[in-house]
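Protein chains: 2
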Amino acid sequence: MKQVGSQTQALDPVNGTAAADARLQHAALIALDWGTTSLRAYLYDAAGNVLATRASTAGIMNLPRSAEQGGFDAAFDDACGAWLEQAPGASVIAAGMVGSAQGWVEAPYVDAPANADALVAGIVRVKAAGGVTLHIVPGVLQRGDLPNVMRGEETQIFGALGQDTGAVDSSKRALIGLPGTHAKWAVVQAGRIERFHTFMTGEVFAALREHTILGRTMDTPDRPDTDAFLHGVKIARDKGQAGLLATVFSSRTLGLTGQLSREQQPDYLSGLLIGHELAGLEAVLAQQHNSLAGQQLRLIGNEALCERYRVALAQFGCTHAELVKYATERGLWRVAAQAGLVNPTPQAAHAG
Amino acid sequence: MKQVGSQTQALDPVNGTAAADARLQHAALIALDWGTTSLRAYLYDAAGNVLATRASTAGIMNLPRSAEQGGFDAAFDDACGAWLEQAPGASVIAAGMVGSAQGWVEAPYVDAPANADALVAGIVRVKAAGGVTLHIVPGVLQRGDLPNVMRGEETQIFGALGQDTGAVDSSKRALIGLPGTHAKWAVVQAGRIERFHTFMTGEVFAALREHTILGRTMDTPDRPDTDAFLHGVKIARDKGQAGLLATVFSSRTLGLTGQLSREQQPDYLSGLLIGHELAGLEAVLAQQHNSLAGQQLRLIGNEALCERYRVALAQFGCTHAELVKYATERGLWRVAAQAGLVNPTPQAAHAG
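For the protein sequence lines, the chains are A and B, in the order given.
Anchor point for the first sequence: position 152 equals 152 in this note's numbering, and the numbering is continuous, going up by one each time.
Anchor point for the second sequence: position 84 equals 84 in this note's numbering, and the numbering is continuous, going up by one each time.
Keep in mind that the hints were calculated from the coordinates and are not lab data.
Quick caveat, the model's predicted, so the values are computed rather than measured.
Keep in mind that a hint or two might mislead.
Same chains, same label: a pair holds when it works inside one copy or across any pair of copies.
In silico SDA-like cross-links for lysine to any residue, where the CA-CA straight-line distance does not exceed 20 angstroms [unchecked claim]:
1) 239 x 343
2) 234 x 284
3) 127 x 102
4) 234 x 143
5) 325 x 129
6) 325 x 106
7) 234 x 102
Just chain A, with the same shape it has in the complex (with noise of 0.2 angstroms):
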């Protein structure tokens, strides 16, 4: 697959250049990412370049009017209506929450194990009020005492795995990381995304923070502080045998002794929690004959959050976790491409 992403350009698709607008009409492929309080556009060329993105607070938990209303309508049209208009012949892809119960159209979970063919075969089709068909990605789900289910990450992960050059050996069992509100970890292996867990962090974080007493003694630092998150991390690591209903309780009691400034406390508390994620991770691994020590793995996501990621894997013996760009753009591509709603061009559309 080409390498995308590398020129995104974020263009006004109303009122760019007369240059730009040739390109548009170029445009080959419309690939949404569709979450709960958001929802990101990409429009490609022939090649699989992204021409222009946008972006929008158009979540299908935050849709301009209700669903019944034509709400899912509406903001498609908001975010795409311009690029349809100059590239009617666009196919178009959507991923992520808006194929849940709650969104345009249930696009059922496949099964995990699951590659990318099993994706595409899961496609569910929704047609827009303008006439134009969406094909809705599905999610994966794990069956189990307890199940997980992610829609969105499956092809941000397959995006992540296209990518792969020859040097990566696809055979071999790999970890790839998705921190963020409900972190994601995905054992992946020749292709597939063989089993995967999830992490309520970035929401228990925000829950304990906002809502229970631990807020209640907190001020936000001008700047990260590494050491106060390090800290909170290693307590994780080394003492967090009572498990995080009670370590936590350490943000405000290490306050109460002078060991933790208000400044601190939120860093801190950041740091127990991620620490608390990866402890866990470590524990499903072991069961697995598996380590976070030595592994090569990847994350995907918020550069400063998986930066923050990579310094807590580093005190578990992890030092080698590198971070996708362009994941979800190249996922999108990727399961449109396989679905033959792209016939990708060896060139750019727009070379020269």
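Once you have looked at the hints, place chain B on chain A.
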């Protein structure tokens, strides 16, 4: 110590009968359990019988007016003014957050291990506007990498210990649990609080339910669902290796897969959290060559909540968990007596 509380009566101190008035004149002690969100007041005769109780929502974070504007005095007068008019010679003692840095006057923590004498030695006095002196019981602090603090629970624990009959060998190490917003587990021996642990179980449950995605798929059941609760406890006990951040997500995903109804999810999540608390406690006990299995422990707190803990404890092999009633009233009386604030008489003043 005389068994108090068994004759607990809630008399209206203003509109009571003449007989009640006569008893109030013999009141020897007013004791306050003054926490963050509530204030409970107890009036005792010289034998330690509770003559009357009052409760209000005037916790230290919920005063009728600000502390600077005499909020503590106002709340105290509202609760106990009428009692003091009728029994002006009564001593006054208070325990709980009223002695914190945000309280009426700070009663600095005493260090664990701590016995009742240490509490008495740490009492701090404050004079109310009406002239009466309040004796504020200090909390207990356990220093270390994960410091622990309690305020109010130490008094309840000494209330439970004071109730020990000759059948209890107080020289043996024992465990006392205080379920709640911030659950405490104390190891006691020879009349001392040796060490203790805090689990933010109640507050984390509320934050997860009210302020995360988990609450969105929950409905409140008509009655507690013990099966769903036990399911959560067992998952935490047997499949909790990945930790709380991972297991709580199953409250949602078991709903998505149809394994848990909306009405079952609250009790399942409650079971998960209490299960993680007990698994964490078990891990800490193991470090001390101890275990929950076979423990003869005591529980202090809300009866329905303690019953949940009894059900959960049985899953950890602990089938002897005795509910201690009136621990607060007994503890306040005991500390007051040990401080010389009352001279316990062997007979009830209102006998006959």
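Structure-based check of each hint:
In the homo-oligomer, the alpha carbons of residue 239 and residue 343 never lie at most 20 angstroms apart, since the shortest distance is 54 angstroms inside one protomer and 46 angstroms across protomers. Taking the closest pair of Cα atoms, residue 234 and residue 284 come within 20 angstroms of each other both inside a single copy (19 angstroms) and across two copies (17 angstroms). Within a single copy, residue 127 and residue 102 get their C-alpha atoms as close as 17 angstroms, which meets the 20 angstroms cut-off; across copies the closest is 60 angstroms, which misses it. Taking the closest pair of Cα atoms, residue 234 and residue 143 come within 20 angstroms of each other only across two copies (18 angstroms); inside a single copy the shortest separation is 33 angstroms, beyond that limit.
Taking the closest pair of Cα atoms, residue 325 and residue 129 never come within 20 angstroms of each other, the shortest separation being 34 angstroms inside a single copy and 66 angstroms across copies. Taking the shortest alpha-carbon separations for residue 325 and residue 106, neither the intra-copy value of 28 angstroms nor the inter-copy value of 53 angstroms comes in at or below 20 angstroms. With identical chains, the CA atoms of residue 234 and residue 102 are never at most 20 angstroms apart, being 40 angstroms at best within one copy and 31 angstroms at best between copies.
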